[in-house]
Amino acid sequence: MTQIDASDAGIARLQPEERRHGPTAWERQQRGLTLSLMAVPMAVMALAFVLPLLVLLWMSFGGGSSEGFSLKGYGDLMQPVYLRLLGFTLQLALVTTLACALLAYPLAYLMVNIRSRFGAWMGMVLFVTLWLSFLARTFSWIIILQRRGVVNNLLVNTGLIDQPLELVYNKLGVYIGLIHILLPFMVITLIPAMKAIDPAYVRAALSLGATPGRVFREIYLPLSLPGLVAGSMLVFTLAFGFFITPAILGGGRAPTIVLAIRDQIQTLGNLQLAAATSMLLLVFCLGLLVLYDRISGIDRIYDRGGR
Amino acid sequence: MTLTARTALLAGLLPLLPLAPALAEAPEAFQGDGMLIVNNWGGPTVDRMHKAWYGDFPDESGIDVSFTSIPDVAKLKIMDQVGNVEWDVVDFEGNQMLLAMKDDLLAPIDYDLIFQLVPEAELDPSQMEEYGIGSVAFSTVIAWNTDEFGQEGPQDWVEFFDTEKFPGRRALYARPKPALEIALMADGVAPDAVYPIDIDRAFEALDKIGPKVDLWVEKTSQWDVLIQNREVDLMGSSLTRTMAQIEEGEPFALTFNESIVEQSYWTIPKNAPNVEDAQKLVAWMMRAEGQRAALSDLPYYGMANTAALDGLPEATLAKLPGAPENAKNVMRINAQWWFDHDAEVQTRWLDWLSRQ
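Chains A and B are the protein sequences, given in the same order.
Per my numbering, residue 1 is the first one in the first sequence, and the count goes up by one each step.
Per my numbering, residue 1001 is the first one in the second sequence, and the count goes up by one each step.
Bear in mind the hints are in silico, worked out from the structure with no lab data behind them.
Watch out, some of these pointers could steer you wrong.
[To be verified] Partial list, computed: chain A residues near chain B (C-beta under 10 Å): (1) Gln146; (2) Gly251; (3) Ala260; (4) Ala274.
[Claimed, not checked] The calculated BS3-like cross-link candidates involving lysine-lysine, where the alpha carbons are at most 30 Å apart (straight line), are: (5) B:Lys1208 - A:Lys72; (6) B:Lys1270 - B:Lys1102; (7) B:Lys1075 - A:Lys72.
The beta-carbon is built from N, C-alpha and C at its ideal position, and this holds for glycine as well.
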């Protein structure tokens, strides 16, 4: 009478081989492939991003200067003026990001959901504005907004106002220019996130009796949030470091912290102070990023709209 | 020798230059080969200026020249640190030159070589420094809209800020240099008594004029836009940009009285790829005929070779900031003072401006 071999050895024979002898040939090959494929991007990351950051950090402590290592750069930063400039720059970046989000969301929604050539044309127009130089677009806003510009001429000639409005060479002008210049970045990051949302979800929710408002709140908005988060971060970072538009449209009434860095480098030649200011900006941005992560989860950027 | 666009242009200017010799090969000491890179301030006039100064240099010396912008001491310092200086000749402002000297970035100017080409007596001694020789002196002037005020605009900085006599919008450079000097002159200080600047007093004076300034100008190119659109009525603006717009027919006028003159210098980075040929080019640019051609074409600057003024027509002389009549009551930027006080003033200025 034969018995079924139910001993330990028998079971072990049915189970996959234990990894007593290290990785299999297949795993080794896969790891080798991953490493060789990653080598170039990793090297680029290290050389183009990590290394310059480390150099900046080194310079902020006086590296490369004739005086040697010190905390002088950070000490010089402890002045109320830098805090005020930082505060204004922060405000500028936050308001710009919020305005871009509010404007870009319906725009992106329309472009994704419209079923006609119009959508493609909208995309074209958006990309064309990205190709134009920031400087040209900044000066174009002057032509539109200035005292004898298009808007003021129209308003004065139609008798709506007596005196031209102050639309540019102040903070208002900076906001208008900055929002216009950064809006396409927000739209472009929103579009793929919205395209990835399966319309079946929306249809299912509607067929189950949810009101359109509720569908938007509970289905569409959360699923498009990754795009909104990514776009906000992009626009915020760009606005935080934007130099030329605030400088020209602000007429001296919207000095940003970047302006201070420019002066530290070009006028004072104080690379240590400039590096320290840049590090402060970096730490600030990283802090906000962490905060953002706590609130909405940065890893959601890599979500695929619930799929 | 091929007739290039450069030589063609210079040939076009030749009738203006009775003293210019016929095109001939440069002296032995000025021969060379290879390539020089001149770092300058860019802008629409720079091409014409450089053609006038040394358009004939490549053909006569065998050394080719091209240019880049913009002069930046920090950039030079970093290029020097990593051992890859790209510029052979740099057009630094006075305090930039001092900053570069502090970091030991410059080579001394070879005056013996210059004197082989240009008589020492022709050169303005006040523009001959150990590490640089005058390139251009550029001016910031009082200018006004003639549609508003006619030809009789403000003649000094006190009048410039007289809002009763000259109601209108005002623009100044968004820089402490020359805003501090302007504030002091507006407070009644004579141009030759501005230095050494009493910083506290200057900022008190700034507090008085600050509210009267409607627009602080960040980039020199903005003047063109402001003038063309009549955005402001009174300006402390770049002479070059303003004069160019006036010649285009814009209704503006300017005065040289209490204008602010800042001297720039040709300098040679000591680790430049081609210091030896750079010295030859700098010497070449000091010739009276080249500078005269530059002044005839663009009469907005002051230049190091005083003989360049000889033989210029009266109409051109009347426009030149360096002409004796125009240079009578000007305020010259003291580069050393700014070099010594830039760090202190710059922070305070930013603080002041961010509260405007």
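Open item on the list: Name the hints, by number, that the structure is in violation of.
Closed with: Of the numbered hints, just 5 does not hold.
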